[in-house]
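Engineer: The chain contents come next:
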Amino acid sequence: MLWIGVHLPALSLESFIATLAPESPEEGRIVEDADEIDLVGPVALIERHRIVAANAAARDCGVRVGQKRATALALAPHARLGEADPARDAAALMAVAHVLMGFTPAVSLVADHVVLAEVQASLRYFGGLPRLLQRLHAELAPLGHALRLACAPTAQGAQWLAVGSDDTTHALSNTRTDWRARIGTVPVARMAAAAPHLAALEALGLATAADLWKQPRAGLTRRFGGELLADIDRALGDLADPRTALQPAPTFDSRLELFMRADDSAALLTGAAVLLNRLTAWATAHHGLVAGFELRLHHESCRKMLEDPSSRTSKLEIGLGEPVSDTAHLHSLLRERLQRFPLAASVIELSLHCHAITPGAPPNTELFPSAASVGEGWHRLLERFEARLGPHNIQRLQPVADHRPELATTVRQGGEDSSARSRTQGAPLNLAAPAGPTATASGDPAHWPRLKRPVWLLREPQPLRDEGGTPLLSGKPLWLVAGPERIEAGWWDGGYAARDYFIAQDNDGALLWVYRFRRAPEVGEVGWYLQGRFG
Amino acid sequence: MSSPSSLLPLEHLHPALWRAHQLGRGREAVHASGYSALDAELPGGGWPQRALTELLLAGPGWGEMRLLAPVLARVGAAGRGVLLLGPPAEPCAEALAQLGLDLSRCVVIRGDDLLWPLEQALRSGQVGAVVAWAPARLKGEALRRLQLAAQSHEGPAFIVRGPAVAMQPSPAPLRLALTGAGPDALAVRLVKRRGPALEQPLLLSLPPVLSRSARLRALTPRRTSVPALSAVA
Chain S
1 MLWIGVHLPA LSLESFIATL APESPEEGRI VEDADEIDLV GPVALIERHR IVAANAAARD
61 CGVRVGQKRA TALALAPHAR LGEADPARDA AALMAVAHVL MGFTPAVSLV ADHVVLAEVQ
121 ASLRYFGGLP RLLQRLHAEL APLGHALRLA CAPTAQGAQW LAVGSDDTTH ALSNTRTDWR
181 ARIGTVPVAR MAAAAPHLAA LEALGLATAA DLWKQPRAGL TRRFGGELLA DIDRALGDLA
241 DPRTALQPAP TFDSRLELFM RADDSAALLT GAAVLLNRLT AWATAHHGLV AGFELRLHHE
301 SCRKMLEDPS SRTSKLEIGL GEPVSDTAHL HSLLRERLQR FPLAASVIEL SLHCHAITPG
361 APPNTELFPS AASVGEGWHR LLERFEARLG PHNIQRLQPV ADHRPELATT VRQGGEDSSA
421 RSRTQGAPLN LAAPAGPTAT ASGDPAHWPR LKRPVWLLRE PQPLRDEGGT PLLSGKPLWL
481 VAGPERIEAG WWDGGYAARD YFIAQDNDGA LLWVYRFRRA PEVGEVGWYL QGRFG
Chain W
1 MSSPSSLLPL EHLHPALWRA HQLGRGREAV HASGYSALDA ELPGGGWPQR ALTELLLAGP
61 GWGEMRLLAP VLARVGAAGR GVLLLGPPAE PCAEALAQLG LDLSRCVVIR GDDLLWPLEQ
121 ALRSGQVGAV VAWAPARLKG EALRRLQLAA QSHEGPAFIV RGPAVAMQPS PAPLRLALTG
181 AGPDALAVRL VKRRGPALEQ PLLLSLPPVL SRSARLRALT PRRTSVPALS AVA
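Protein chains in written order, with our numbering: chain S, 1 to 535; chain W, 1 to 233.
You can trust all of the hints, since none of them are fake.
Ranges of calculated distance between the beta carbons of each label pair, as one might list FRET restraints:
#	chain 1	residue 1	chain 2	residue 2	range
1	S	R340	W	L216	49 to 57 angstroms
2	S	D466	W	P88	23 to 31 angstroms
3	W	Q22	S	D508	33 to 41 angstroms
4	S	R124	W	P135	53 to 61 angstroms
5	S	A344	W	D112	18 to 26 angstroms
6	S	A446	W	P135	28 to 36 angstroms
7	W	Q22	S	D466	48 to 56 angstroms
8	S	A401	W	G140	41 to 49 angstroms
9	S	D508	W	D112	27 to 35 angstroms
By construction, these hints were calculated from the structure, which means they are not laboratory data.
Computed from a prediction, not measured in an experiment: that's the story for all the values here.
Idealized CB from N, CA, C, for every residue including glycine.
With the rest of the complex left out, here is chain S:
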């Protein structure tokens, strides 16, 4: 058994800082690590009117744990004080647990913001403990927490050592005596079972675990209960210590109450980035990829909303053509959408929901970019276009077996490349291997087979003036050089068309596609129409 204990000493403070808008407006980025907390300015947490946590900047101003709120504000007038919120901490801690679930299924939460994970079975896959820890640090970094890590052969030992480890060194004791010596140094203050008896233990001069196990067991058990010694036995490995493994929730649901109301997309993105990091952590726990998510913006209440409660939240749904687990990509998609999303009112709370997850593919280990990775970049580009320009502006063309030129092309909207998405009208033609020039693409284009249709079709056929049977385009006559080609179709669907098509040449030598109706035109009716140009 090899347990990793991850302790987050400043979790409450960091989860509060995540709700703050960045002071520097130029970036919507969350705090990267503990050193950067200082950039946020003095921040402190309050519980029952007393300071319970303060960051380095606040401590520099003289703010101390235990001070009253008024004292803290007098010492640091510009400090931002937030209420401690266990639910907010739990959500942040759950994200850390989700990241750990990417490494092992045996993850459990214990008190004091410690997450335990049993990684013995995963060592070989991740290439040994040092590399696993390195990767763990890298994957936890986006969440922006200060970490203390410890490795231990028992769960209880990992918990105690993680809380105490002042740096991230984690020498693993090999022998039982070494391990006993290390557990022996754990102070009693760190043991949950000793909490009610701390004063008595101090009076007895019992400061560490070693002090405790030197005493007669029966006497200790009578005075302090059996749990204290049982915990030490579990830490030493003398007593079984089964832990129930945490299961990731089947759907993702996370909310973030903003410290200040957000009026623009930059402030929203800061908060959304925190939620997106949690979302990808959750996807990691499922070994899955995010296929879409929904961001709900909860607005500050105003009079209009009293009348219409449904306008209190606005929803922003983002679906992905290609599922990803990459926060940066999700972030860029969200940025494009938020920038053109009109905010009805200031936003005070964000929540992110996701139930669309697809099982992940095995990791990509290719050395050189292959066609697949090139295709992925292309899909991502189209997704960004779709997010910014709207799906109706991203069009794919699909030929349809219909003789009427205006119906021979269907336009599929959106960047997704599934031809099954919209097969609404007509049967799509399979022209993947046309009899055309693909095979002869290297040959002289002048000897390609004759082009049957013009590349450019006008949206509406343009009526042409008729002068003695010759069509006129902007006053100049057109020569009919080929034709007629009769197209008579559509009597079955109400779009009856009976036209004679000609290829015409204008004064400058460009080729046009014109038609006239099969029947003779009535008096005063336009005889000729321009429908296409041979581009």
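Position chain W against the provided structure of chain S, taking the given hints into account.
Structural biologist: This is chain W only, laid out in the frame that chain S set:
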């Protein structure tokens, strides 16, 4: 030209160096246009990549897509995407397929502001070929941005503009003015290239629309004004 014969020719010093009477060579790979007469006059022997190519023409329908078809078909066949930004009319799927384009890799982008997607597409380097129809008024600054963005674009990038801008300076290293030259033929004037100016426009035979007899018919009424095609093939 007066350098002693013992010395290495100057243009061998650096691949980006060429003499005024020679065609530039460049270090970048080029994409053959499919038209041997055109390739012979393009620096490097084909459409450049990592650079903008300007096509100046008066309107749709002069044969511009038939001119680009061989290179777009080859890009699609290599499994890369082709973007058409803001085409001037509705493209006909059947015609594009007949020109050899792989429609599953061909995406049309529309919208009011096409500079943003154009710049993103060029910058991403994930697109095989780009053909963009420029808005009527395109600022020089925007063109410079596009030319910079194109430097990470591994493939040909065409921007179609009106003929009026031929006299205006442009950062694009290759500029071609296209005019009609009779049925199924295109006159290409090289407005700007890395190399000596070309006096005469090139006449290219395009993939045909007309049959042989129809072409003769098209040439008959104005045989005097249309250049003879026999000189081209």
